[in-house]
Amino acid sequence: MRRLPLLLLTLLLPVVVPASEVGARLRAFLDTTRTLDANFVQERVGEQGAGPARATGRLRLQRPGRFRWDYQTPYSQLILADGERLWIFDPDLEQATVRPQDEALGNSPARLLSGGLDLDANFGVIETGDRDGNLDWIEVRPLGSDEEFSQVRFGFTAEGLSSMIMVDNLGYTTLITFNDVQINIDLDTDIFSFTPPPGVDVLGE
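So for the sequence shown, numbering that gives the first Met the number 0 puts the first residue at 0; every next one is plus one.
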């Protein structure tokens, strides 16, 4: 199985941070977003870490509990949560892995974004007050000393979520930028199901 892009490795890791009353933009986004459809560009900042330096693709999510990350370049890869299972499919390798979704995602940012966790019950956020052009940043930090990352930042424009920055405990940084974002449009539920094509090796079943 090809190594997962760093962003998704980070997104799938559990996180627990202190409760807080700040971060209204993040709360509003989570409370009002039913579906999301966006293109993304993922970049590794600096010559560091594993996986491709730049990747592009499309993200679709349907709350609660479903998402689909379609990586298109530099190679094709699908990461899909159907509400019960998490699938990772490598077409080039003709290989798929599957795990129970809750077990695989834990208390992770990916699960938070897809509506599998309550923000106030499981997370706290730090509204940094930092601005970068037209972006306002809200930062999430883990409580536990054994977490695999040190911070996650959500960047918001006036229109909504625009960027995410992940910094792991080795100091490796990954930036994801969302483009052509559509919120609360109708999405076909069939896109959140996956059946391995004939001849594909399935690991985990």
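What the hints contain is simulated information worked out from the structure, not anything from laboratory work.
One thing to keep in mind: the hints can contain errors.
So the derived label-pair ranges between C-beta atoms look like this [stated by the list, open to error]:
1) Pro99 to Thr31: 38 to 44 Å
2) Thr194 to Thr34: 28 to 34 Å
3) Asn133 to Gly170: 23 to 29 Å
4) Gly198 to Asn133: 45 to 51 Å
5) Asp187 to Thr31: 33 to 39 Å
It should be emphasised that the depicted structure is a prediction, and the values quoted were computed from it without experimental measurement.
Glycine included, C-beta positions come from ideal geometry on N, C-alpha and C.
These are the hints, each one checked on the structure:
1. Pro99 to Thr31: 38 to 44 Å: 29 Å, violated
2. Thr194 to Thr34: 28 to 34 Å: 22 Å, violated
3. Asn133 to Gly170: 23 to 29 Å: With Cβ atoms ~27 Å apart, the hint holds.
4. Gly198 to Asn133: 45 to 51 Å: 48 Å, holds
5. Asp187 to Thr31: 33 to 39 Å: The hint (33 to 39 Å, Cβ to Cβ) is violated, given that Asp187 and Thr31 are roughly 21 Å apart.
Taken one by one, the earlier hints fail for this structure at numbers 1, 2 and 5, listed in ascending order.
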